[in-house]
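Chemist: Letter by letter, the chains look like this.
Protein chains: 2
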Amino acid sequence: MNNKQNEKKISNAVIRRLPRYFRYLRELIRNDIMRISSRELSEKMNITASQIRQDLNCFGGFGQQGYGYNVKFLYSEISHILGVDNGLTAIIVGIGNVGKALVNNPLFEKRGIKVMGLFDTDPNVIGTTFGDLTVMDARDMTNFCMDNGIDIAVLTIPKAAAKDTLEVLAETEIRGIWNFSNAEISCPEGKNIKIENVHLGDSLMALCYEVALEKENNQ
Amino acid sequence: MNNKQNEKKISNAVIRRLPRYFRYLRELIRNDIMRISSRELSEKMNITASQIRQDLNCFGGFGQQGYGYNVKFLYSEISHILGVDNGLTAIIVGIGNVGKALVNNPLFEKRGIKVMGLFDTDPNVIGTTFGDLTVMDARDMTNFCMDNGIDIAVLTIPKAAAKDTLEVLAETEIRGIWNFSNAEISCPEGKNIKIENVHLGDSLMALCYEVALEKENNQ
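If you're matching them up, the sequences are chains R and F in order. Going by the numbering used here, the first residue of the first sequence is number 9, and it counts up by one from there. Going by the numbering used here, the first residue of the second sequence is number 9, and it counts up by one from there.
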């Protein structure tokens, strides 16, 4: 049984928390902090120390009683579990405002993901360049994905285009979709594509709720 | 006791689910579906019918046995609870790539939030226009917020600028911050500002985990 099979048992809730650990640990490394106790990490992250020990125990637990966690080691283990060092490749589909914000965003590079292609359907956008990438015609997407073994498609297309684009991508070897189209999509039957639907507006609405409540209470 | 005080009892978990109901109900209205049972809503949303009944009961419950929910009424109640119709106002601070993607994004308007001002520190950006808004000097932010009673600041600034900007905003009447700066910020002591930290990369990492695991298992 290899490592990854062991890791498969990690619950989705823990996986959802790992990126936060990843960010905090990166911050610690930047500040040359190489060792940290679960109590200190707990204070920084506002998670109970016992939750931290439980989370990190899920994948073997690297803490030592009275000694704490080796920050670099923990960081590299979490990176590995999250697939950060797996050399995943991506394309961005739809080079409108959100697409542009992502093309130039360091968040892919920081996570070891190589953005290999940009696609759009608009003749005015096709052919424009961003860094060393030129926007290609969306009709060439299938071939490009197959030729380059693309893992992840980032969808920054209008809602109305989501369904058709999903059908096209389903014919490639794409294994993951990061979906900003605001259409709630799910994996086509018989395929095995992980889909992460991003709804920025949901987080804005939760904030609105808090703000509106506060305003009303103060009136 | 007014309505809002009643609503205060709604748990954070429910509040986090309400925007999803909001989106689905809007979709139903668009498709002229005016009545829906918890069973149908359950199938569409992939939430158990009992969870739906429980969630919607939290704020009075508008379903009728064997008759279902009145979609428009439910939509308007959820809008109200979430503060969608409260005429909240916002500014966007930092007109880089992410800022630009948000300036032109209908997500504010859809939620009844009026974006009243754009701010940046870069002389090359100050003075540029987006629709009917002109980017202002960030030094004028405090006065602008006070004069216009701004409720929400959207931070699309670099991480390094987050702390100083938060200090400036804390001196205004801002009640909410939607934070894209990647710096994890929290409300300054003695202030009452709700902060919604957005970490897009976290959702990308959760996707990477799934994709990397799938790749490894198929090798």
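Because the hints were derived from the structure by calculation, they are not lab data. Errors might be hidden in some of the hints.
Each pair may be met inside one copy or between any two copies, as identical chains are not told apart.
Here are the simulated DSS-like cross-link-like pairs (lysine-lysine), alpha carbons at most 30 Å apart as the crow flies [as the list claims (entries may be wrong)]:
(1) Lys199 with Lys80
(2) Lys199 with Lys171
(3) Lys122 with Lys167
(4) Lys118 with Lys52
(5) Lys167 with Lys199
(6) Lys167 with Lys118
(7) Lys118 with Lys199
(8) Lys223 with Lys80
(9) Lys118 with Lys80
(10) Lys80 with Lys52
(11) Lys118 with Lys202
(12) Lys80 with Lys171
(13) Lys202 with Lys223
(14) Lys122 with Lys202
(15) Lys80 with Lys167
(16) Lys223 with Lys171
Here the structure is a predicted model, which is why all the values come from computation and not from measurement.
Chemist: None of the hints should be skipped; say for each whether it holds.
Modeler: Here is how each hint holds up against the structure:
Taking identical chains as interchangeable, the C-alpha atoms of lysine 199 and lysine 80 are never at most 30 Å apart, the minima being 37 Å within one chain and 36 Å between chains. For the homomeric pair lysine 199 and lysine 171, the shortest alpha-carbon distance inside one copy (15 Å) is at most 30 Å, but the shortest distance between copies (45 Å) is not. In this homomeric assembly, lysine 122 and lysine 167 come within 30 Å of each other (Cα to Cα) both inside a single copy, at 25 Å, and across copies, at 23 Å. Taking identical chains as interchangeable, the C-alpha atoms of lysine 118 and lysine 52 lie at most 30 Å apart only when both belong to the same chain, with a minimum of 22 Å there against 36 Å between chains.
Only within a single protomer do lysine 167 and lysine 199 lie at most 30 Å apart by alpha-carbon distance; the minimum there is 21 Å, versus 39 Å between protomers. Taking identical chains as interchangeable, the C-alpha atoms of lysine 167 and lysine 118 lie at most 30 Å apart whether they share a chain (28 Å) or sit on different chains (15 Å). In this homomeric assembly, lysine 118 and lysine 199 come within 30 Å of each other (Cα to Cα) only inside a single copy, at 29 Å, whereas the closest approach across copies is 34 Å. Proximity of lysine 223 and lysine 80 under a CA criterion of 30 Å is satisfied inter-copy only: 26 Å between copies versus 44 Å inside one chain copy.
When the C-alpha separation of lysine 118 and lysine 80 is checked against a cutoff of 30 Å, the pair qualifies only within one copy, where the shortest distance is 16 Å, while the shortest distance between copies is 44 Å. In this assembly of identical chains, the alpha carbons of lysine 80 and lysine 52 lie at most 30 Å apart only when taken from the same copy (17 Å versus 44 Å across copies). For the identical chains of this complex, lysine 118 and lysine 202 are neighbours both inside a copy (21 Å) and across copies (28 Å), given an alpha-carbon limit of 30 Å. In this homomeric assembly, lysine 80 and lysine 171 come within 30 Å of each other (Cα to Cα) only across copies, at 26 Å, whereas the closest approach inside a single copy is 42 Å.
In this homomeric assembly, lysine 202 and lysine 223 come within 30 Å of each other (Cα to Cα) only across copies, at 11 Å, whereas the closest approach inside a single copy is 40 Å. In this assembly of identical chains, the alpha carbons of lysine 122 and lysine 202 lie at most 30 Å apart only when taken from the same copy (18 Å versus 35 Å across copies). In the homo-oligomer, the alpha carbons of lysine 80 and lysine 167 lie at most 30 Å apart only across protomers (22 Å), although the nearest pairing inside one protomer, at 41 Å, exceeds that limit. In this assembly of identical chains, lysine 223 and lysine 171 lie within 30 Å of each other by CA distance solely across copies; the values are 24 Å between and 40 Å within a copy.
Checked against the numbered hints listed earlier, the structure breaks hint 1 alone; every other hint is satisfied.
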